[in-house]
Structures are given as C-alpha cells and as structure tokens.
Amino acid sequence: GAWRERWDSLSLGRAHAIADLPGLALGPADPSVPASEVVAAYYRRYEERFALSVLRPARVTAVRPTDLPARPLLVGEAGPGRVATGPDEGDPGPDEGDPGVAALAGSRGEPDRSCSLLSVEAEVGGTGQRFLTRMVVSAAGTWTRPYIPWVPGASQFRGTQLHTVGYRRAEDFAGRRVVVVGGGLSAVQFLLELAPVAETIWATRRPPNFTDVAFDQEWGAGVERAVQQRTSGGQLPAAVVRTTGIPREPAYLRAIEAGILVSRGMFDMVGPRAVRFSPASSVRGADGLGPSASPGGDLVEPASWRPVATPTWERVDVIFWNTGFRSELRHLQPLHLREPGGGIRMVGRVQVARDPRVLLVGHGSSASTLGATRAGREAAQVAEARLGAGARARGH
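Quick note, the sequence shown lines up with residues 690 to 1085 if you use my numbering.
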C-alpha cells in the first residue's frame, strides 16, 4: 500500500523495478507517469482479475493469542522449514541441514503455539471487528514507521523538518537552504531534484557507497543474505543503505563533479537555525558496507566524501530526513515475538521462530519491492504446508 503514498515526481522510470505478480504482468507503462498511479492501477487490475476479497479500509490494531483450540499446524513436516524459493531466485532457502529449521517455536521449551487460534482485532470502516484465524501473514511493511535519529537540539529547530514520507514536490523548497540527511538512493534523488531550486547540503554518517555492482537477481540475493545474518540471530535488521549501494549512473557522477553529491559527514547538534557538522559523528572508513561495496573495501567514488575536519556550523532552513524506516510491528506486540536483542528471530525470509502461526513479509531482508515478492511466494508455500492443504488435496 505504500506505493500509493509516493511523491508525484517519482515516475515509473525513476523507481526501483516493479515486480510482476503471478499470473498477470504489469505490461507496458509510460515511464513518465508517477509510480504511485501505475502501481495502484496495476494492483487494482490484479484484484479484479482474480476476484480477491480485499477488506478496505481496514486498520489492524492488535493480533492476540487465544485459548481457543485449533487443528495443529503441521510444523516440522517436510514443507514449512525447507521451502525452496526456486532456482531463479539465487537462494535455495533452508534445507534439511539448516539449524534454523529446528529453531522453530516449541523447540526451546516454549509453549506450543501451533494448536490455538489467533484473534485479529481491526477497525473496518469505523467499526471494530474481530477475526479468528489459524495463521497471519503480516505484510504491513515499513512506510508507517519512519525513523528519525535523535540529535541534540532538534526539537528546538525553528525551520522545517520532514521525513521522506512528507515530501511532495521540489517547489516547496524554492529559495531555501536544505540539509538532506541519509546515504541511500532516496537522498541522492532528492538532492538532484532540489538542486535547481534550492541550496543543498548532503549529510551522511558513512562514506556514500557508490558501486559498479549490477542490480540484478544475484545482487538482490546477496543483499538479502546480509540482512538475514542478523535477523536469524534475533538482532534488529541492518540499515538498508549499508547493504544496497548507489549505482554509478552518469547523472550521479556529474552531480559529484558539480559538488551536489558530496557528503559533509554528519552533524551532532541542531540549533534554532543551524546544524553543527562534526568529525566525531562520521565513520571515516568503509566499514559496515554491504555486498555492493567494491573489492577491498575501497570506495568507487571517494570524491563524494568530504567530511569536515573541525566542528562547523551551517545555517539551514530545512532538515530533510531520509533516514529510513522501521518495520510496522506494533499490532503484533501482544504475541511477544521479540528476542532479548530487540529483534525478531527469523528462520529464512518469513518464518518467526517464536510463533509458527505468524509469517512476516516486508520485514528485514524482504523490505523492498522485489524482496517482498520473493517473501510473499515463500509465505504462501509455508502457509499451505503448515495448514495441511497439500495433505487434504491428496486425500490424507
């Protein structure tokens, strides 16, 4: 649903690839049309083509455990822990030797949650409703949980502060001095879009991760593996910018030469009308960059990294935070899925180790359009196996 909220200037030609859904391709589309319009129209056609029963508008407020008995899920059968994602995905998924398969709920002395129903509480058209279900696929994504890091003095800033979700058009910033915070593609695209109408400053904690790596299926699988290394241990997912990188497109290289895509490092304090850049707030090495970093850890475009040598105040009118998102998981709090490290321990892309009734799509390694499509496929396979649909079809 987040595609509907994207800014108008994000045309289809400037967006990340839109993954085709099974059975109905997107087909030809005008690259100049806003991606929000194209994707919304495509998903509408998909709903109509397959007569999907979508309840809208609906807002889930909580998913709670119940004591109501249910036919046990087939956890531990051949399907759930070892769902293959297909040879074209670049990642075969867990197999019989994967220790994560044995880490599913119930294997660590925890109560077996596979034998009771879940209660989904929702506001549907202004009316509270409750649904009982054996499994939940939570695909709430991240758009409703924008993340802004805490910086001393930010609450006293008298100018404008906004996050990516609040951006609409460049003209709103005409004649103003804007500090764009963040090292990802959104920040890069906003800097290029704002430069003709505003004075911009780029702020990043790390050197911008420009790369020559091809953004293909192999690259995508590498990014997912880098994130899964953390989520499989119950840690919080790594920042996406650390595992994706920025392509060396000609327009970006020209912007580096023009001084537009040149980071000053990061600021550590905010005043009423200024921010203070400081060497202490910047990570000077390429440490922590993901699979798209060039061999040896050297940056492809070191000219894009010019952090300040001494604390320096810069007057700004706007602080534009492009600092990413967190997963929308508040509705799942009653299930107590988090580990002591703060994250949710995952088995593969979608399986929650603490509760086999819950599958997450758009979380961690699948928090992207292509990643969510792969995760959606895996979630469907896991759900079918755990619910025993295959066994029923065979007459067992």
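Simulated from the structure, these hints should not be mistaken for laboratory data. Each residue gets a CB set at the ideal place from its N, CA and C atoms; glycine is no exception. Fair warning: there could be bad hints in the mix.
Ranges between beta-carbon positions, derived for each pair [as the list claims (entries may be wrong)]:
| no. | residue 1 | residue 2 | range |
| --- | --- | --- | --- |
| 1 | GLU736 | TRP839 | 15 to 25 angstroms |
| 2 | GLY1030 | THR833 | 15 to 25 angstroms |
| 3 | ALA730 | THR833 | 49 to 59 angstroms |
| 4 | ALA940 | ARG834 | 51 to 61 angstroms |
| 5 | ARG865 | ILE837 | 14 to 24 angstroms |
| 6 | GLU736 | THR833 | 20 to 30 angstroms |
| 7 | GLU1028 | ARG943 | 41 to 51 angstroms |
| 8 | PRO758 | ILE837 | 41 to 51 angstroms |
| 9 | PRO761 | ALA992 | 17 to 27 angstroms |
| 10 | GLY817 | ARG865 | 38 to 48 angstroms |
| 11 | PRO939 | PRO761 | 10 to 20 angstroms |
Tested hints:
no., hint, verdict
1, GLU736 / TRP839: 15 to 25 angstroms, "violated (41 angstroms)"
2, GLY1030 / THR833: 15 to 25 angstroms, "holds (24 angstroms)"
3, ALA730 / THR833: 49 to 59 angstroms, "violated (22 angstroms)"
4, ALA940 / ARG834: 51 to 61 angstroms, "violated (31 angstroms)"
5, ARG865 / ILE837: 14 to 24 angstroms, "holds (19 angstroms)"
6, GLU736 / THR833: 20 to 30 angstroms, "holds (21 angstroms)"
7, GLU1028 / ARG943: 41 to 51 angstroms, "holds (46 angstroms)"
8, PRO758 / ILE837: 41 to 51 angstroms, "holds (44 angstroms)"
9, PRO761 / ALA992: 17 to 27 angstroms, "violated (60 angstroms)"
10, GLY817 / ARG865: 38 to 48 angstroms, "holds (44 angstroms)"
11, PRO939 / PRO761: 10 to 20 angstroms, "violated (58 angstroms)"
Hints 1, 3, 4, 9, 11 from the earlier list are contradicted by this structure; the remaining hints agree with it.
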